[in-house]
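Based on the sequences and whatever the hints tell you, model everything.
Protein chains: 2
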Amino acid sequence: MAGYPKFLEDLIKELSKLPTIGPKSAERMALSLLKAPAARSKALADAIMNAKEYTKKCNLCNYFSEQDLCPICQNKHLRDKVICIVEDAQDVIAIERTSYYKGLYHVLGGKLSPLDGTGPSDLSFKKLFYRLKQESINEIIIATSSSREGETTAQYIKQVLQPLKIKVSRIARGIPVGSNLGHIDQATIFEALAGRREVTS
Amino acid sequence: MAGYPKFLEDLIKELSKLPTIGPKSAERMALSLLKAPAARSKALADAIMNAKEYTKKCNLCNYFSEQDLCPICQNKHLRDKVICIVEDAQDVIAIERTSYYKGLYHVLGGKLSPLDGTGPSDLSFKKLFYRLKQESINEIIIATSSSREGETTAQYIKQVLQPLKIKVSRIARGIPVGSNLGHIDQATIFEALAGRREVTS
Numbered sequence: 000m001a002g003y004p005k006f007l008e009d010l011i012k013e014l015s016k017l018p019t020i021g022p023k024s025a026e027r028m029a030l031s032l033l034k035a036p037a038a039r040s041k042a043l044a045d046a047i048m049n050a051k052e053y054t055k056k057c058n059l060c061n062y063f064s065e066q067d068l069c070p071i072c073q074n075k076h077l078r079d080k081v082i083c084i085v086e087d088a089q090d091v092i093a094i095e096r097t098s099y100y101k102g103l104y105h106v107l108g109g110k111l112s113p114l115d116g117t118g119p120s121d122l123s124f125k126k127l128f129y130r131l132k133q134e135s136i137n138e139i140i141i142a143t144s145s146s147r148e149g150e151t152t153a154q155y156i157k158q159v160l161q162p163l164k165i166k167v168s169r170i171a172r173g174i175p176v177g178s179n180l181g182h183i184d185q186a187t188i189f190e191a192l193a194g195r196r197e198v199t200s
Numbered sequence: 000m001a002g003y004p005k006f007l008e009d010l011i012k013e014l015s016k017l018p019t020i021g022p023k024s025a026e027r028m029a030l031s032l033l034k035a036p037a038a039r040s041k042a043l044a045d046a047i048m049n050a051k052e053y054t055k056k057c058n059l060c061n062y063f064s065e066q067d068l069c070p071i072c073q074n075k076h077l078r079d080k081v082i083c084i085v086e087d088a089q090d091v092i093a094i095e096r097t098s099y100y101k102g103l104y105h106v107l108g109g110k111l112s113p114l115d116g117t118g119p120s121d122l123s124f125k126k127l128f129y130r131l132k133q134e135s136i137n138e139i140i141i142a143t144s145s146s147r148e149g150e151t152t153a154q155y156i157k158q159v160l161q162p163l164k165i166k167v168s169r170i171a172r173g174i175p176v177g178s179n180l181g182h183i184d185q186a187t188i189f190e191a192l193a194g195r196r197e198v199t200s
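So the protein sequences, as listed, match chains A and B. Heads up, the first sequence is in numbering that gives the first Met the number 0, so the first residue is 0 and it goes up one at a time. Heads up, the second sequence is in numbering that gives the first Met the number 0, so the first residue is 0 and it goes up one at a time.
Hints listed in this document are in silico derivations from the structure and should not be mistaken for laboratory results. Being a predicted model, the structure only gives us computed values, none of them experimental.
Which copy is meant is left open, so a pair is good if it fits within one copy or across any two.
Cross-link-like lysine-lysine pairs, in silico, DSBU-like; alpha carbons within 35 Å at most:
id	residue 1	residue 2
1	K166	K80
2	K23	K5
3	K41	K126
4	K23	K75
5	K56	K16
6	K157	K101
7	K5	K80
8	K55	K23
9	K125	K5
10	K126	K80
11	K56	K41
12	K16	K34
13	K126	K164
14	K75	K56
15	K41	K55
16	K34	K101
17	K80	K101
18	K132	K5
19	K157	K34
20	K12	K41
21	K125	K34
22	K126	K16
23	K157	K23
24	K125	K23
25	K166	K34
26	K55	K34
27	K166	K126
28	K12	K126
29	K5	K16
Okay, structure coming up:
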């Protein structure tokens, strides 16, 4: 049985490593690239290499940035003195899209998960404490996910921040349990932010 | 509102040009590439460029090939002297996967479609006639799609091949294996009834 030529097979294989892409979709994508002008393959290949090379993390908040500081931290004098703590960089985009929140962010880079071996030292807590020493912040909003690990992470943050006497709130339940912020509609994110409650001990 | 950095936005834009990929899927794919080691981005970018650069068309049958002749045409002495005419290169793979057919192929590169301005000169008929003059072929199987344009193309092929006095057949239309009659359109049921074959013991 004749298959596809080697380089086409290689492309289908690489494409099917992408999330949610099965072998059939990868085949369709590869064939569409072959049919399109060479400029489109080049544009995609360049975009992949450039994104990986130039997208770094903000020195302050860990969000995506092409410079030392992300656009949000660069303009922090224009933002509310509030830090919203999220798990991943895409959570920042999800919150920014609501246009409700005007504060700063801190991207943890994950959530506490003893089963996966993710402890506090694997997340960007050091950076967070450094920021809180340098900046005067009025409130911390914990916007980790509503999964069990997200709740554990929220509890941990609440405990370690207690000595600093900063107001700490938790994004409201309203986010469906077990979902990531990136997959939630804007209205729900809006409600969850507006309905945040102060964490009292 | 802060968005993604420029190079990440560029990657999401390029990925969402791929078939069946919406902006949400493109975002997930881009973020997964950012998270993965740099070697994976490079492997994908290289695969895209290599596939485009090295995947050409077989000089004889128009199927994908990295050399002048595709593996099928290179070994045509081992194949039946039958040519199956298909619209696109991926149709060859679909037929090869059945392991039923042992003949040769000819890839038209599309189907006749007056509405889209695709006439006979846009398809690889010249190559086909050249082959039929050079090789001794016992049968031509027309396996264009069962759409209106596919049928028109099949009719056209039948007419232009008539002077050559070669046996010409059309791939059978009928009920797909595993389908219920209730879910099949009337045109297909009509074809399946009209094309019924006597059951012999």
